[in-house]
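Colleague: The numbers in the UniProt record's numbering rise by one with no breaks, and the one at position 296 of the sequence shown is 296.
Simulated from the structure, these hints should not be mistaken for laboratory data. We put the beta carbon where it would ideally sit given N, CA and C, even for glycine. Careful, some of the hints might be misleading.
Quick list of simulated restraints, FRET-style, between CB atoms [claimed, not checked]:
#1 Leu26 x Val239: 19 to 29 Å
#2 Val312 x Leu80: 43 to 53 Å
#3 Val81 x Ala101: 25 to 35 Å
#4 Pro48 x Gly214: 15 to 25 Å
#5 Leu252 x Glu326: 43 to 53 Å
#6 Phe256 x Trp150: 22 to 32 Å
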Amino acid sequence: MFASTPFNKVLRLAFGASLGLLLAKLTNSDQWGVFFTISPVLLLGLIPRLTPFVVLQYLTANLLAGAMVLLYSWLGALSLVMTLLVFVYFLWLFRLMAKGALFVFAAIAIINGSIFLHFASYPSMDPGQMLGNALLAVLLALLIASSMIWLFPVSEQPMQLPPAKTAFEQQQQSLVAASLATLSFVTFQLLDLQDSLSAQASSILILLPMSFTGIVQAGIKRASGVLLGSAYAIVAQLVLYDNYQHLPLTMLAFFFGMLIFARAQQLEGPGSGVAFGGMTTMAIIFGQYLKPDQDLMYSALYRISSVGVAVVFTLLLATVLYLQLERKSPVSC
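Given only the sequences and the hints, what does the whole structure look like? Please build it.
Modeller: See below:
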């Protein structure tokens with residue numbers, strides 16, 4: 001255990017995410033590598049401290065997200081029924097977030113449920129294999145996060161929950177967010193967008209603030225983070241050239257990138273900002289697309305364009321929905 005310093009939070013993220021990537025590569029889990037890299041980032045980047053109640057929320061949220069995949073495997077052919085179930089799922093979770101209750105549970109269930117359903121749309125996807133790897137990654141992420149928190153202690157930080165919302169705001173914002181999340185689900189089901197995990201995740205992550213102003217700010221930050229994370233991946237490949245398939249060099253490049261973005265997040269403040277967007281982008285690119293038969297540069301450039309399109313369309317739809325609501329009510333969203 002090292003002495004408690006503020007910089008330890010940066011080391012937690014850099015070492016934790018790198019350990020997740022290393023486990024994914026050593027176990028040949030390239031197809032599901034994103035689970036192993038992004039789970040520690042979510043835990044260490046969004047949650048300031050792990051308590052038994054937070055761990056329970058995290059585990060329960062992932063089990064609920066897994067249950068949605070099983071429902072999809074049974075009811076996927078019934079498109080209308082499945083879409084309605086997804087809407088109810090998101091509406092309930094966003095309502096919990098709006099109330100401020102079980103915030104970690106709702107946020108993780110929304111994020112991972114969305115990612116799991118995205119993978120479930122792959123024709124070649126085996127639900128059992130995917131859920132097995134995802135739940136293994138969840139358990140390993142908890143082990144990694146606990147180890148990093150013990151190894152790199154920092155002073156206790158209170159959980160910063162969003163300000164309380166009125167009942168009217170809860171109803172409106174949860175309805176808009178659930179509608180946009182469901183539209184994202186439908187879009188990625190109808191179109192052949194298997195390589196657009198970053199875009200799909202971005203269309204969900206920017207909804208978490210729920211208010212119109214919050215969604216716009218989150219969209220700008222998310223797009224900026226993806227741009228920076230993708231740019232780092234491109235620079236890393238140019239520097240490594242043909243050596244980027246060598247695991248030690250790749251791990252070193254990933255570690256330094258995470259170190260930079262983790263430090264930026266510390267300076268930026270807690271939560272999902274520009275730096276967090278950069279970290280999750282790196283986790284997706286290195287965890288999911290770092291394979292002998294794939295080009296990191298192409299993947300990074302594709303991330304930039306697809307996320308830009310996803311964020312712009314989500315913001316346009318959010319604007320339309322909130323304008324319609326404001327016409328019907330004098331209360332601001």
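Colleague: Please list, smallest to largest, the hint numbers that this structure does not respect.
Modeller: Violated hint (a single one): 2; every other hint is consistent with the structure.
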